[in-house]
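Chains as they are written, first to last, in the working numbering: chain A, 1 to 397; chain B, 398 to 649.
Misleading hints may appear alongside valid ones.
Stated by the list, open to error - Taking lysine to any residue pairs in the SDA-like style, the calculated list, with each CA pair at most 25 Å apart, reads:
| id | chain 1 | residue 1 | chain 2 | residue 2 |
| --- | --- | --- | --- | --- |
| 1 | A | Lys101 | A | Gly162 |
| 2 | B | Lys489 | A | Ala390 |
| 3 | B | Lys489 | A | Arg229 |
| 4 | B | Lys489 | A | Val326 |
| 5 | B | Lys636 | B | Arg590 |
Unchecked claim - Some chain B residues judged to face chain A by a derived CB distance under 7 Å, without partners named:
| id | residue |
| --- | --- |
| 6 | Asn446 |
| 7 | Val449 |
| 8 | Arg472 |
| 9 | Arg475 |
| 10 | Met480 |
| 11 | Asn486 |
| 12 | Val488 |
| 13 | Arg490 |
| 14 | Gly491 |
| 15 | Ser499 |
| 16 | Arg529 |
Don't read these hints as lab results, they were simulated from the structure. We put the CB at the ideal spot given by N, CA and C, even for glycine.
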Amino acid sequence: MATEEEIRLEAELSIGTQSVVGSSPHSVLSTQHVPRRLVAFLLDWFIAGYAIYTGLFVVDALIHALWLPSKVNANPALDMIAYTWRQSEGVTTLGGVTLPKFLFFLLVSLPIPILLQFTNDTLGLRLMGWARPLLPLEGRPWYRTLWVFTAVVIGIETFMAGWYITEVDPIFYVQRFARGWRISKQLLTPDWSIFWMSVQLMLESIFLALIATVFSIVFAVPLAFLGARNLMRGSPVRMAIYTLVRGFFNIFRSIQELVFAIIFVTVVGIGPFAGMLALFVHSVASLGKLYSEQIENIDPGPMEAITATGATRLQTVLYAVAPQVVPPFLAFTIYRWDINVRTSIVVGFVGGGGIGLALFQYQQLTQWHRVGTVAFLTIIVVWALDALSARVREKLI
Amino acid sequence: MLEIRNLTKIYPNGTLALDNVSLTVRDGEFVVVLGLSGSGKSTLLRCINRLVEPTSGTILLDGKEVTGASEAEIRRIRRSIGMIFQQFNLVKRGTVLMNVLSGRLGYVTTVGPLVYRFPAADIQRAMHNLERVGIADRTRQRADTLSGGQQQRVAIARALMQEPTLMLADEPVASLDPATSHSVLRYVEEINRDQGITVLCSLHFLSLARRYATRIIALKAGKLVFDGLPSEIDDARFKAIYGEDAIQVEIA
Numbered sequence: 001m002a003t004e005e006e007i008r009l010e011a012e013l014s015i016g017t018q019s020v021v022g023s024s025p026h027s028v029l030s031t032q033h034v035p036r037r038l039v040a041f042l043l044d045w046f047i048a049g050y051a052i053y054t055g056l057f058v059v060d061a062l063i064h065a066l067w068l069p070s071k072v073n074a075n076p077a078l079d080m081i082a083y084t085w086r087q088s089e090g091v092t093t094l095g096g097v098t099l100p101k102f103l104f105f106l107l108v109s110l111p112i113p114i115l116l117q118f119t120n121d122t123l124g125l126r127l128m129g130w131a132r133p134l135l136p137l138e139g140r141p142w143y144r145t146l147w148v149f150t151a152v153v154i155g156i157e158t159f160m161a162g163w164y165i166t167e168v169d170p171i172f173y174v175q176r177f178a179r180g181w182r183i184s185k186q187l188l189t190p191d192w193s194i195f196w197m198s199v200q201l202m203l204e205s206i207f208l209a210l211i212a213t214v215f216s217i218v219f220a221v222p223l224a225f226l227g228a229r230n231l232m233r234g235s236p237v238r239m240a241i242y243t244l245v246r247g248f249f250n251i252f253r254s255i256q257e258l259v260f261a262i263i264f265v266t267v268v269g270i271g272p273f274a275g276m277l278a279l280f281v282h283s284v285a286s287l288g289k290l291y292s293e294q295i296e297n298i299d300p301g302p303m304e305a306i307t308a309t310g311a312t313r314l315q316t317v318l319y320a321v322a323p324q325v326v327p328p329f330l331a332f333t334i335y336r337w338d339i340n341v342r343t344s345i346v347v348g349f350v351g352g353g354g355i356g357l358a359l360f361q362y363q364q365l366t367q368w369h370r371v372g373t374v375a376f377l378t379i380i381v382v383w384a385l386d387a388l389s390a391r392v393r394e395k396l397i
Numbered sequence: 398m399l400e401i402r403n404l405t406k407i408y409p410n411g412t413l414a415l416d417n418v419s420l421t422v423r424d425g426e427f428v429v430v431l432g433l434s435g436s437g438k439s440t441l442l443r444c445i446n447r448l449v450e451p452t453s454g455t456i457l458l459d460g461k462e463v464t465g466a467s468e469a470e471i472r473r474i475r476r477s478i479g480m481i482f483q484q485f486n487l488v489k490r491g492t493v494l495m496n497v498l499s500g501r502l503g504y505v506t507t508v509g510p511l512v513y514r515f516p517a518a519d520i521q522r523a524m525h526n527l528e529r530v531g532i533a534d535r536t537r538q539r540a541d542t543l544s545g546g547q548q549q550r551v552a553i554a555r556a557l558m559q560e561p562t563l564m565l566a567d568e569p570v571a572s573l574d575p576a577t578s579h580s581v582l583r584y585v586e587e588i589n590r591d592q593g594i595t596v597l598c599s600l601h602f603l604s605l606a607r608r609y610a611t612r613i614i615a616l617k618a619g620k621l622v623f624d625g626l627p628s629e630i631d632d633a634r635f636k637a638i639y640g641e642d643a644i645q646v647e648i649a
């Protein structure tokens with residue numbers, strides 16, 4: 001039965017015009033999926049506009065790169081739409097695209113998606129999970145289908161436009177190689193006179209990371225239990241708390257430590273305390289998320305067994321959940337400490353204390369020998385911590 | 398005495414797991430529940446201590462209503478119902494002793510267990526129960542260092558800590574080899590005979606059921622299709638429970 005249905009659907013789709021919105025009274029699919037079909041059409045429309053715009057952009061870039069000096073606009077056709085990425089006045093706009101121009105693009109490209117709809121094999125339909133593989137009926141291999149063709153064209157265009165926007169220039173890099181080598185030579189001959197001072201600052205970074213990690217455990221562990229779906233199921237109130245906690249984790253995890261550092265530096269001033277706070281806030285969220293995922297992955301058997309003995313919810317957590325999650329919790333925490341030491345250096349750049357602050361100052365003063373010393377020390381410490389945390393994790397999980 | 402009246406369970410996905418099952422189990426019986434996988438055996442056992450919430454019907458244990466009991470009441474009722482599982486459900490990283498002691502959680506009133514400390518009397522009781530299942534010498538070992546049969550015996554000891562009047566066993570030997578199966582079931586039989594604990598045990602093998610049961614019930618697609626003595630299950634009855642294509646397998 002099911003296979004017959006499949007074949008019927010495929011036949012219907014391959015006929016094409018038959019299954020365009022509402023055109024066939026027999027087509028169950030086309031009436032059921034009108035919104036999906038509409039979204040697919042809009043997607044195709046957007047894709048067509050994007051393809052035309054990016055294509056012209058790439059052509060413009062190639063013309064300039066191959067035979068025109070970069071700042072000269074000599075192509076009359078392209079001048080009309082001004083494709084260069086940066087405007088000459090230093091105002092950055094999306095390749096000169098303003099809203100009227102964008103609408104113009106959409107209008108120009110409108111016939112393309114409309115025509116494409118008749119093939120029933122567009123990228124938009126694919127993305128909406130509508131188009132089915134037509135190969136059994138048409139005998140066409142997947143790489144010769146329209147949607148693959150569209151995807152490949154868009155992929156190539158995007159890559160070339162990206163190359164142009166990023167101003168990738170390998171020849172320029174080779175030309176500047178000597179300069180890089182000069183700095184590298186200085187980095188490789190560290191200034192040992194600041195070594196012990198750097199060690200002291202490194203210790204500050206390590207301890208800053210440690211304190212941030214320890215503080216974050218205190219908050220992350222209780223939150224993790226509230227953010228574990230398998231423990232919070234059952235009542236709407238519990239599910240609301242779960243959603244809230246998970247939302248907190250996701251939002252604060254997605255904000256970089258650097259951003260928190262900038263905020264805390266203005267609150268408590270430059271120094272390790274600001275850096276610690278930045279690492280702490282981010283760690284609560286990311287440790288909390290890792291912890292709660294670990295809780296969700298436990299073997300539910302012991303929970304069932306402890307519940308069956310007449311234990312309370314708290315007792316069940318203590319006796320069935322905790323023993324299963326404590327070792328992975330420890331492993332994650334040590335890993336987090338390792339990450340925090342590395343991040344503390346970045347956070348130091350914006351005033352978060354520790355060795356990062358010194359590194360920033362030496363770099364600003366172009367004292368590359370001293371930067372070399374700091375870098376050397378950083379490599380040693382990060383390598384050692386990484387080895388240590390890997391060893392501990394191996395033992396615990 | 399356990400009374401089950403018109404018990405029905407429909408899971409949220411629409412599966413009808415139990416279909417109007419009524420059953421009375423008298424004190425001291427060793428009742429074996431037979432049936433294919435998915436016939437509702439596990440659901441039936443889990444409804445009795447409300448690990449699974451029944452859709453409709455009533456369950457009475459010694460005159461007390463299990464269905465409709467409040468959170469606090471159901472904990473007190475669960476306390477008197479021991480349960481062992483196919484996968485043993487021990488805390489693998491915990492010691493044998495801690496696993497057994499956790500069976501006592503329903504009784505504790507002190508804060509000790511919150512920091513994993515139990516009264517001396519409970520520890521003594523745990524040692525005694527471990528002796529009864531023959532693993533008193535391994536109390537400080539991690540539970541997952543034990544063999545399957547030994548783990549199931551630890552689970553029995555944990556259930557005995559509850560001083561239950563009813564023991565639920567959800568396919569307790571399904572992941573054990575035949576020889577170990579008998580050793581585990583013999584312990585269950587012993588507590589049934591010596592302590593008068595009623596046993597409700599689901600099994601796969603008819604031969605095991607015949608050997609240990611004082612009474613057999615059978616489920617098929619959530620319906621009670623047989624209720625009687627082990628000796629009453631003949632070829633026709635067997636086929637009614639397990640389907641036409643089934644053949645009897647003897648387990649040593």
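Evaluation of the provided hints:
no.: 1; hint: Lys101(A) to Gly162(A); in the structure: holds, 21 Å
no.: 2; hint: Lys489(B) to Ala390(A); in the structure: holds, 24 Å
no.: 3; hint: Lys489(B) to Arg229(A); in the structure: holds, 22 Å
no.: 4; hint: Lys489(B) to Val326(A); in the structure: holds, 13 Å
no.: 5; hint: Lys636(B) to Arg590(B); in the structure: violated, 31 Å
no.: 6; hint: Asn446; in the structure: holds, 6 Å
no.: 7; hint: Val449; in the structure: violated, 10 Å
no.: 8; hint: Arg472; in the structure: holds, 5 Å
no.: 9; hint: Arg475; in the structure: holds, 4 Å
no.: 10; hint: Met480; in the structure: holds, 4 Å
no.: 11; hint: Asn486; in the structure: holds, 4 Å
no.: 12; hint: Val488; in the structure: holds, 5 Å
no.: 13; hint: Arg490; in the structure: holds, 5 Å
no.: 14; hint: Gly491; in the structure: holds, 5 Å
no.: 15; hint: Ser499; in the structure: holds, 5 Å
no.: 16; hint: Arg529; in the structure: violated, 18 Å
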